[in-house]
Structure formats: structure tokens, C-alpha cells
Amino acid sequence: MAEELKNPSTLETHKLDLLAEISNLKLKLASSERERCELEERTGVAQRHIPQLEVLQSCLENRFLDTSVAPVKDCSCTVVD
Numbered sequence: 001m002a003e004e005l006k007n008p009s010t011l012e013t014h015k016l017d018l019l020a021e022i023s024n025l026k027l028k029l030a031s032s033e034r035e036r037c038e039l040e041e042r043t044g045v046a047q048r049h050i051p052q053l054e055v056l057q058s059c060l061e062n063r064f065l066d067t068s069v070a071p072v073k074d075c076s077c078t079v080v081d
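Under UniProt numbering, think of the first position of the sequence shown as 1, with each following residue one higher.
Keep in mind the hints are simulated off the structure, nothing from the lab. Treat the hints loosely; a few may be bogus.
[As the list claims (entries may be wrong)] Ranges between beta-carbon positions, derived for each pair:
id: 1; residue 1: G44; residue 2: L18; range: 50 to 56 Å
id: 2; residue 1: L65; residue 2: G44; range: 29 to 35 Å
id: 3; residue 1: L19; residue 2: Q52; range: 48 to 54 Å
id: 4; residue 1: T13; residue 2: E40; range: 56 to 62 Å
Where a beta carbon is used, it is the ideal one built from N, C-alpha and C, also for glycine.
From just these sequences and the hints, can you work out the full model?
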């Protein structure tokens with residue numbers, strides 16, 4: 001540090017390097033926040049589809065377990081967005 005105080009240009013260079021690093025870290029933080037928001041949105045969409053998928057699963061299980069009914073190609077249950 002004493003050496004840097006003798007040479008102000010070295011200290012100024014170090015300061016500029018630190019400011020550049022701060023700028024890069026801010027960009028990374030903004031990118032991470034954007035990605036987090038996108039993932040939260042996708043998770044919410046997926047969670048909203050879970051009940052519909054459970055209904056479809058139940059419908060299909062009932063069709064396959066009920067051996068007295070001839071198999072059909074499609075289930076009458078539908079998914080609604």
C-alpha cells in the first residue's frame with residue numbers, strides 16, 4: 001500500500017479496476033434476477049397445471065382399471081388452460 005501511495009497512477013488504475021468489477025457484478029446480478037423471475041413464472045405455470053394433470057391421470061387410470069369397459073382411444077377428460 002505504501003508503494004501505491006508513492007505512485008498515484010497505480011492507485012487510480014486499481015480504483016478503475018475495482019469500479020469495472022463492480023459494474024460487471026451489477027450486470028451479473030441483474031441477469032440473475034431476470035432469470036429468477038422467469039423461473040418463478042414457469043414454476044407457477046407448471047403448478048397451475050398439476051390439478052388438471054391429476055384429473056387426466058385419474059381418468060386414464062379409471063379407464064384402464066375398469067376391465068368391463070372396452071378400451072377407447074381418447075379420454076373424455078380435457079385439459080383447460
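Evaluated hints:
A hinted range of 50 to 56 Å for the beta carbons of G44 and L18 is inconsistent with their spacing of about 39 Å. Here the CB-CB span from L65 to G44 is close to 33 Å, well matched to the stated 29 to 35 Å. Checked against the hint of 48 to 54 Å, the pair L19 and Q52 passes, with Cβ atoms roughly 51 Å apart. Between T13 and E40, the C-beta spacing of about 41 Å breaks the proposed range 56 to 62 Å.
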